[in-house]
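Each protein sequence line maps, in turn, to chains A and B.
With the numbering used here, letter number 70 in the first sequence gets 63, and the count goes up by one each step, no holes.
With the numbering used here, letter number 98 in the second sequence gets 91, and the count goes up by one each step, no holes.
For the record, the hints were derived by calculation from the structure and aren't laboratory data.
Heads up, a few of these hints could be off.
Note that identical chains are pooled: a pair holds if it fits in a single copy or bridges any two copies.
Calculated cross-link-like contacts (lysine to aspartate or glutamate; reagent style DMTMM-like; alpha-carbon spacing at most 20 Å) [claimed, not checked]:
(1) 80 x 113
(2) 34 x 109
(3) 34 x 24
(4) 89 x 28
(5) 77 x 87
(6) 89 x 31
Number of protein chains: 2
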Amino acid sequence: MTDVRSVEHCEEQGMHPDIVSRVGSTMPAEETLYDLAELFKIFGDSTRIKILYALLESEMCVCDIASLLGMTQSAISHQLRILKQAKLVKNRREGKTVYYSLADGHVHTVLHQGMEHVQE
Amino acid sequence: MTDVRSVEHCEEQGMHPDIVSRVGSTMPAEETLYDLAELFKIFGDSTRIKILYALLESEMCVCDIASLLGMTQSAISHQLRILKQAKLVKNRREGKTVYYSLADGHVHTVLHQGMEHVQE
DNA sequence: CGTTCATATGAACCATTGTTCATGTGTTTA
DNA sequence: TAAACACATGAACAATGGTTCATATGAACG
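Work the whole structure out from these sequences, hints included.
Encoded structure:
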């Protein structure tokens, strides 16, 4: 019969406590990593990626994007709202029409870096 | 009563057919954009982001990562499998222990670019 | 060999999310 | 001001995904 103290396994302190504590001290704040994951989550959808790539080329209105992607205006509008909340796109009103464009140069960079990994 | 041909709205050809067709011709292949979204989906989870940031600092075994993040060995192992399938991490066996490390320099770059956007 | 320990994996569960459908808002124009 | 149009939004539904639990693999060690 094993000792009571050895019932718990390596997960308590890890096999290499020194490494665990050293790496732990260099980790960014919990909240920062959460926000970073939330950002990538935005990029993690085909429809939104397509929208961003389209806006990379030209400012566009909602129904143009819907037409381009062969999707519903409603579906596109929902996604644009998400992209706007993440500050990845901005919009401008002209009469009845609303034009969307990229909000930030970072979008281009992130897309480009990701693409490089995909294309091996 | 409106003409039958005007029942369908702008989504058919868009408001600016010229822009739609021009942008359409510059879009990467459907499959490429899908793969790109799949890649970002991997980064779009707190646990996986934490694992990647940890491995950025040092090679680690499964139970060390579990200990560092205060999570189950099983949960970490599942996530490591996903990261490995995406070719973001690689592993090496040493006796009973399996050490994981980053597979690619792109990981560092993508994380860095995303972080810059998060920190405004 | 049989046990122990580190890791892997399959099934189940719960939460999250993207699309659709119906409807609401806001702007132009007849 | 009423109709038409571009866009926004809320609720509902189906699908996806992360964690847990139980169990399987695989290697060291007595």
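Hint check results:
no., hint, result
1, 80 x 113, "between (29 Å within a copy, 10 Å between copies)"
2, 34 x 109, "both (19 Å within a copy, 16 Å between copies)"
3, 34 x 24, "both (15 Å within a copy, 19 Å between copies)"
4, 89 x 28, "neither (34 Å within a copy, 35 Å between copies)"
5, 77 x 87, "within (18 Å within a copy, 48 Å between copies)"
6, 89 x 31, "neither (32 Å within a copy, 35 Å between copies)"
Checked against the numbered hints listed earlier, the structure breaks hints 4 and 6; every other hint is satisfied.
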